[in-house]
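There are 2 protein chains.
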Amino acid sequence: MTAYKRHVDPATISDLTIARLSIYLRCVDRLIEVGIDTVSSQELARRFNLNSAQIRKDLAHFGEFGVRGVGYNVSELHRCIVEILGLDSERRLLIVGAGNLGTALCHYSGFSGENFLVVGILDRDSSRISDPTPAGLLVEDSVRLGEIVKQRQVDIGVITTPASSAQSVCDQMVEAGISTILNFAPIRVRAPETVMVKSVDLKIYLEELSFHLTQRNRNR
Amino acid sequence: MTAYKRHVDPATISDLTIARLSIYLRCVDRLIEVGIDTVSSQELARRFNLNSAQIRKDLAHFGEFGVRGVGYNVSELHRCIVEILGLDSERRLLIVGAGNLGTALCHYSGFSGENFLVVGILDRDSSRISDPTPAGLLVEDSVRLGEIVKQRQVDIGVITTPASSAQSVCDQMVEAGISTILNFAPIRVRAPETVMVKSVDLKIYLEELSFHLTQRNRNR
Chain G
855 MTAYKRHVDP
865 ATISDLTIAR
875 LSIYLRCVDR
885 LIEVGIDTVS
895 SQELARRFNL
905 NSAQIRKDLA
915 HFGEFGVRGV
925 GYNVSELHRC
935 IVEILGLDSE
945 RRLLIVGAGN
955 LGTALCHYSG
965 FSGENFLVVG
975 ILDRDSSRIS
985 DPTPAGLLVE
995 DSVRLGEIVK
1005 QRQVDIGVIT
1015 TPASSAQSVC
1025 DQMVEAGIST
1035 ILNFAPIRVR
1045 APETVMVKSV
1055 DLKIYLEELS
1065 FHLTQRNRNR
Chain P
855 MTAYKRHVDP
865 ATISDLTIAR
875 LSIYLRCVDR
885 LIEVGIDTVS
895 SQELARRFNL
905 NSAQIRKDLA
915 HFGEFGVRGV
925 GYNVSELHRC
935 IVEILGLDSE
945 RRLLIVGAGN
955 LGTALCHYSG
965 FSGENFLVVG
975 ILDRDSSRIS
985 DPTPAGLLVE
995 DSVRLGEIVK
1005 QRQVDIGVIT
1015 TPASSAQSVC
1025 DQMVEAGIST
1035 ILNFAPIRVR
1045 APETVMVKSV
1055 DLKIYLEELS
1065 FHLTQRNRNR
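Those protein sequence lines, which keep their order, are chains G and P. Letter 11 of the first sequence, counting from 1, is numbered 865 in the numbering used here, and no numbers are missing. Letter 16 of the second sequence, counting from 1, is numbered 870 in the numbering used here, and no numbers are missing.
Pulled out of the complex, with its shape left as it was, chain G reads as follows (with noise of 0.2 Å):
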């Protein structure tokens, strides 16, 4: 029996929740993919080298959810956490800054395809402008940021410029309207309370290799 509530407080769940939603969205995938319908929290940890209290406590914030003793209809807890992600809506996403990051993310298949949609990328360099992108989108120029975020109903804004430039594309994308920004520029940029900005960091994947390194060297 899933009792799942649809309305959420979200400042009530952390980053960190749902990250893990999108990993266990991954796992329920490949449970789906060999055929398995049902799955204990322990058993769904016990396979991904996850934390079956934590996978309790991560999904209790959105309902009950499968049956004690029985486990998750693996279907079910699929749909659910689609629709908690807001995966059943198209996202559509501008890029701004067409270096090779912006270019590289334009024709990256998380980021172009099911509900995520790339329908833009502006630069402010002229020599830039109009160069096809491999996924087949001319450069555009910045200053039609406004126009093009109201004409193409943009819902993330996709920071790639140099960090020099990254606050002020941040402040434009908000004047614009764009209420949730993904920043992949190497510097902090600020925005209003109510609009979500989000910092990539890829040195964090290196960290976590460099700890099993380390590790690995330690315990020769």
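What the hints contain is simulated information worked out from the structure, not anything from laboratory work. Yeah, the Cβ is synthetic: ideal placement off N, Cα and C, and Gly gets one too. Mixed in with the good hints there might be a few duds.
Claimed, not checked - Covered by chain G, per the in silico footprint, the following chain P stretches (three or more residues, Cβ under 8 Å): (1) 874-886; (2) 893-900; (3) 916-923; (4) 938-948; (5) 1054-1060.
Claimed, not checked - Pulled a few chain G residues facing chain P out of the computed Cβ check, cut under 8 Å: (6) Ile872; (7) Phe902; (8) Asn905; (9) Ala907; (10) Leu939; (11) Arg945; (12) Phe965; (13) Val1043; (14) Pro1046; (15) Val1049; (16) Met1050; (17) Glu1062; (18) Phe1065.
Mind docking chain P on chain G? Use the hints.
Positioned in the frame of chain G, the structure of chain P alone reads:
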């Protein structure tokens, strides 16, 4: 009083704990910037929207940190996390795949600064070979992978090829003796158990933003 264990069994530490240590390190960096010497787990949690019990639990894997009722010495905590993550040693990276993403990572500040150092970028496409990257490295032929790994003492292999070549690049890296791999290709790569492969899924960040967009719209 800090009694900190330099040797732990990495199998007992979850990837999420390590990812959180990276986050704690960034928080501690900021405390140092603003001149704070001592911090309790509660205060650390409050300032950075973390979970204080989780902080204590994560650190407990590595020994006894802080003084009950007083808190952590900030600079000591910083030093210990740096040591735990092995960020006091140089880590040499080899990027394979000199498309937009590989080139972007070549001059991404987190990948080429402090203790991480990109020592080479390879591609099998002869039209890209010798193409200088913005970071000043020349793209070299990926047939030289084995030789370059040994000569330049590569610690971490980074896969930025299309999905179709990722497994064969991974196999070549393992064959050349690389034991830690960061995979950006949108495919699961298989490696022997002794090799640590971390796959980066940038879509997780979009999913987090999608959650906030969804809840905001539903709560309107």
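For a quick check of understanding: which of the numbered hints are violated here, in increasing order? Numbers 2, 3, 7, 9, 13, 14 and 15, in rising order.
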